[in-house]
Structure formats: C-alpha cells, structure tokens
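Under the UniProt record's numbering, the first residue of the sequence shown is numbered 1, with each subsequent residue one higher.
Some hints could be false.
Stated by the list, open to error - For lysine to any residue, the following SDA-like pairs were computed, each having C-alpha atoms within a straight-line distance of at most 25 Å: (1) 262 with 28; (2) 262 with 118; (3) 19 with 104; (4) 259 with 203; (5) 27 with 284; (6) 136 with 118; (7) 259 with 96; (8) 259 with 305; (9) 10 with 303; (10) 10 with 90; (11) 136 with 201; (12) 178 with 167; (13) 136 with 85; (14) 136 with 106; (15) 262 with 40; (16) 27 with 300; (17) 19 with 42; (18) 13 with 60; (19) 262 with 228; (20) 303 with 42; (21) 19 with 46; (22) 9 with 179; (23) 27 with 82; (24) 10 with 48; (25) 27 with 6; (26) 262 with 280; (27) 262 with 12; (28) 13 with 30; (29) 80 with 90; (30) 19 with 40; (31) 10 with 78; (32) 27 with 63; (33) 80 with 6; (34) 136 with 156.
To be verified - For each label pair, taking beta carbons as the anchor points, the in silico distance ranges come out as: (35) 74 with 94: 40 to 48 Å; (36) 284 with 94: 32 to 40 Å; (37) 299 with 167: 43 to 51 Å; (38) 140 with 58: 28 to 36 Å; (39) 23 with 140: 38 to 46 Å; (40) 164 with 213: 14 to 22 Å.
Everything labelled a hint here was simulated from the structure, so no lab data went into it.
Only a predicted model underlies this, so the values are computations on that prediction, with no experimental measurement involved.
Every residue, glycine too, gets a C-beta built ideally from N, C-alpha and C.
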Amino acid sequence: MVDETSFPKKGNKSAGVAKQYCGAMGKLENCQVSTVLSYVGRGNHVFLDRRLYLPEEEWTWDQDRRAEAMVPESVRFETKPEQAIIMFRHAREQGVPMCWVTGDEVYGDSPRLRETIQAAGRFYVLAVAANTRVWKELPAIQEPKEQTGGRPRRARRLAEGSPQSQMVSEIVAAWPRKMWQRLSVMEGEKGSITYDWACQPVVESRDQLPGPDIWLLARCSISTPDELAYYLCYAPPATALRVLIWMASSRYTVEQCIKEAKGETGLNEYEVRFWHSWHRHITLSMMAHAWLASIRAAEREKKARPARNSPN
C-alpha cells in the first residue's frame with residue numbers, strides 16, 4: 001500500500017517544509033510530507049519504507065536552504081509516484097513477498113508506476129481520476145511503413161477510423177443498473193461498510209496508444225449515488241470481483257498504520273530540522289510500530305490456537 005502522511009510545522013527551517021496540501025489538516029498548510037509504503041497480509045499491517053518529499057520550487061534549487069537543513073547534494077526532486085517506484089523496487093530487492101499494489105489517485109494516475117508494477121510481474125488496483133482515458137475494446141493500430149519519398153514515419157498510431165479512447169467516468173455512466181452489485185467490504189466503527197460495485201474489461205491508454213488489457217472497477221456510494229470512485233486493475237482475467245473490491249478497500253490499512261504510529265510510537269512527535277535527523281526519528285518510530293504489530297500478531301495466533309486439553 002502506498003500513501004502519504006503530513007506533519008504540520010510552524011517554521012521554515014525543517015527539511016522539506018513548505019506550504020502544501022496537509023492531509024492531517026485537510027487543507028494547504030505549512031508542513032512536511034512523507035510518502036510511505038506499508039504491507040498488509042493475514043490480518044496484519046506494518047510499514048515497509050518512507051521517503052521525505054522535497055518540494056521542487058522551494059527546495060530543489062535553493063542551495064543555501066538545503067545546506068542549512070543538511071540535505072545531501074545527491075538528493076534530487078522526486079515526484080510522489082517516483083518515490084513509490086523507488087520503494088516498491090527496494091522492497092522487491094529485499095525479498096518482500098508481494099502480489100498486489102494499491103494506492104490512491106496520486107499514484108494511480110502515474111502510467112510509469114502502473115507500468116513498473118506490471119513489468120515486475122505484480123498486479124495492481126489503483127484509484128484514478130474520472131478523466132482517465134481507456135478503450136472499451138482494442139483499437140486498430142497502424143504500424144510505420146517504409147516510404148519511398150519524404151520523411152519516414154517511425155511511430156505507431158491509431159488506424160484511421162479507430163474509436164477514440166473514453167474517460168472512465170463516461171464509460172461507467174453508461175453501465176446498466178444490472179451490472180452493479182451491492183457488497184459489504186469491511187467492518188467500520190458503526191457496522192458494515194457497503195457500496196455498489198461493478199467492473200468491466202477495458203484497454204489502458206498509454207501515450208494515446210493502447211496499453212495492456214485491464215479491468216475498470218467503479219465504486220458508488222449508496223447514500224450519495226453521484227459519489228463515485230474509479231480504479232484501474234491489472235489482474236488475471238479470471239480474477240473475481242470480490243478480490244478486486246477487497247484490494248481497493250484494503251488501502252485503509254496504511255491509514256491505520258499512520259494513525260497507530262502517530263498515536264503509539266510518536267511518529268509525528270519530533271523537533272528536528274536536519275534531513276538525517278528526520279529520517280532517524282521516522283525510522284525508529286516505524287520500527288517500534290513493527291514491533292508492536294508483531295506482538296499483536298503473536299497474541300492473535302495464541303488466542304486462535306485450540307486449548308491444549310481441548311477434546312478437538
């Protein structure tokens with residue numbers, strides 16, 4: 001699971017601090033932002049990695065400010081999806097067993113991230129913006145041909161008469177009511193959380209040309225039908241709808257990791273300015289959270305074992 005978390009700050013000296021969207025406050029605010037990678041499996045969740053986001057305009061070219069915050073010269077601007085790619089690749093190199101990757105629109109709207117996951121032989125369920133374009137069917141492609149005169153054409157392009165790609169919101173709006181299924185995906189504080197869900201196989205658009213065959217998954221609020229969420233899913237053709245839904249809904253676990261770490265291991269309780277100091281604190285906090293997660297997992301396993309004297 002890839003997401004981000006923010007740390008509100010009052011000053012302007014801390015590494016990476018700038019006026020940017022602060023999820024903790026729900027608005028533009030002076031803060032630091034970190035992209036985080038977490039892991040969920042067998043009912044447990046834990047952090048895997050973190051990268052401090054360095055705003056390009058405020059930090060990339062201001063050498064004096066970087067030196068004062070002790071930002072290494074080797075550190076360059078990275079978008080949040082680029083940070084996600086780096087952490088994903090590092091987790092694979094470390095042998096982390098994984099099958100699926102999921103995240104919100106910030107990451108789903110990155111074709112490069114989607115391509116990286118697919119190239120690694122993994123699957124994804126990633127939220128995307130309503131204006132993301134796909135094809136309902138594979139359009140015809142015209143390959144470049146040898147030309148006897150003039151400048152040769154080397155690029156592939158859509159064949160004449162091929163349909164144009166459509167926004168995912170347009171495709172979903174045309175779905176008949178019978179396509180939708182009302183399913184409960186998880187238990188919330190006030191009971192089961194239920195949505196209407198539907199999916200359809202489509203063809204991804206990459207650089208205005210057809211990409212891989214994928215699924216378009218949509219979620220509709222029952223109380224507010226105009227409230228829709230869209231997901232692109234790279235998965236085996238026989239993947240059940242419930243699997244895609246579970247993956248789309250499991251992203252809350254990274255939010256739970258962040259909430260637990262801020263409440264139990266002091267993830268946001270620091271007063272440091274330097275680049276290396278921030279990383280030391282965040283790393284120690286995440287390690288403490290991992291230790292607590294292991295203790296909880298061990299206790300659950302202990303309770304799940306049948307009693308030694310049980311007739312079963």
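We went through each hint and held it up to the structure:
1. 262 with 28: Holds, because 20 Å separates the two Cα atoms, which is no more than 25 Å.
2. 262 with 118: The hint is violated at about 33 Å.
3. 19 with 104: Holds - the C-alpha atoms of residue 104 and residue 19 are around 22 Å apart, at most 25 Å.
4. 259 with 203: This hinted pair is violated, its Cα atoms lying about 37 Å apart.
5. 27 with 284: violated (28 Å)
6. 136 with 118: The hint holds at about 20 Å.
7. 259 with 96: holds (23 Å)
8. 259 with 305: violated (29 Å)
9. 10 with 303: At roughly 46 Å apart (the allowed maximum being 25 Å), residue 303 and residue 10 break the hint.
10. 10 with 90: violated (33 Å)
11. 136 with 201: Measuring from Cα to Cα gives roughly 7 Å; hence the hint holds.
12. 178 with 167: Holds, because 21 Å separates the two Cα atoms, which is no more than 25 Å.
13. 136 with 85: Between residue 136 and residue 85 the Cα gap is close to 28 Å, so the pair fails against 25 Å, i.e. violated.
14. 136 with 106: holds (24 Å)
15. 262 with 40: holds (18 Å)
16. 27 with 300: Violated, because 38 Å separates the two Cα atoms, which is more than 25 Å.
17. 19 with 42: Answer violated: residue 19 to residue 42 is near 38 Å, above 25 Å.
18. 13 with 60: Holds, because 14 Å separates the two Cα atoms, which is no more than 25 Å.
19. 262 with 228: Not OK: residue 262 and residue 228 at ~30 Å, beyond 25 Å, violated.
20. 303 with 42: holds (15 Å)
21. 19 with 46: violated (29 Å)
22. 9 with 179: violated (47 Å)
23. 27 with 82: holds (23 Å)
24. 10 with 48: Distance ~28 Å between residue 10 and residue 48 Cα, so the pair is violated.
25. 27 with 6: holds (11 Å)
26. 262 with 280: Answer holds: residue 262 to residue 280 is near 16 Å, not above 25 Å.
27. 262 with 12: holds (22 Å)
28. 13 with 30: With Cα atoms ~11 Å apart, residue 13 and residue 30 stay inside 25 Å; holds.
29. 80 with 90: Given that 25 Å is the threshold and the Cα spacing comes to 15 Å, the pair holds.
30. 19 with 40: Violated, at about 32 Å.
31. 10 with 78: Distance ~24 Å between residue 10 and residue 78 Cα, so the pair holds.
32. 27 with 63: violated (28 Å)
33. 80 with 6: Holds - the C-alpha atoms of residue 6 and residue 80 are around 13 Å apart, at most 25 Å.
34. 136 with 156: holds (20 Å)
35. 74 with 94: 40 to 48 Å: violated (21 Å)
36. 284 with 94: 32 to 40 Å: violated (19 Å)
37. 299 with 167: 43 to 51 Å: For residue 299 and residue 167 the Cβ distance comes to about 48 Å; the hint holds.
38. 140 with 58: 28 to 36 Å: Violated, since residue 140 and residue 58 (Cβ atoms, about 47 Å apart) do not stay within the stated range.
39. 23 with 140: 38 to 46 Å: holds (44 Å)
40. 164 with 213: 14 to 22 Å: holds (18 Å)
Taken one by one, the earlier hints fail for this structure at numbers 2, 4, 5, 8, 9, 10, 13, 16, 17, 19, 21, 22, 24, 30, 32, 35, 36, 38, listed in ascending order.
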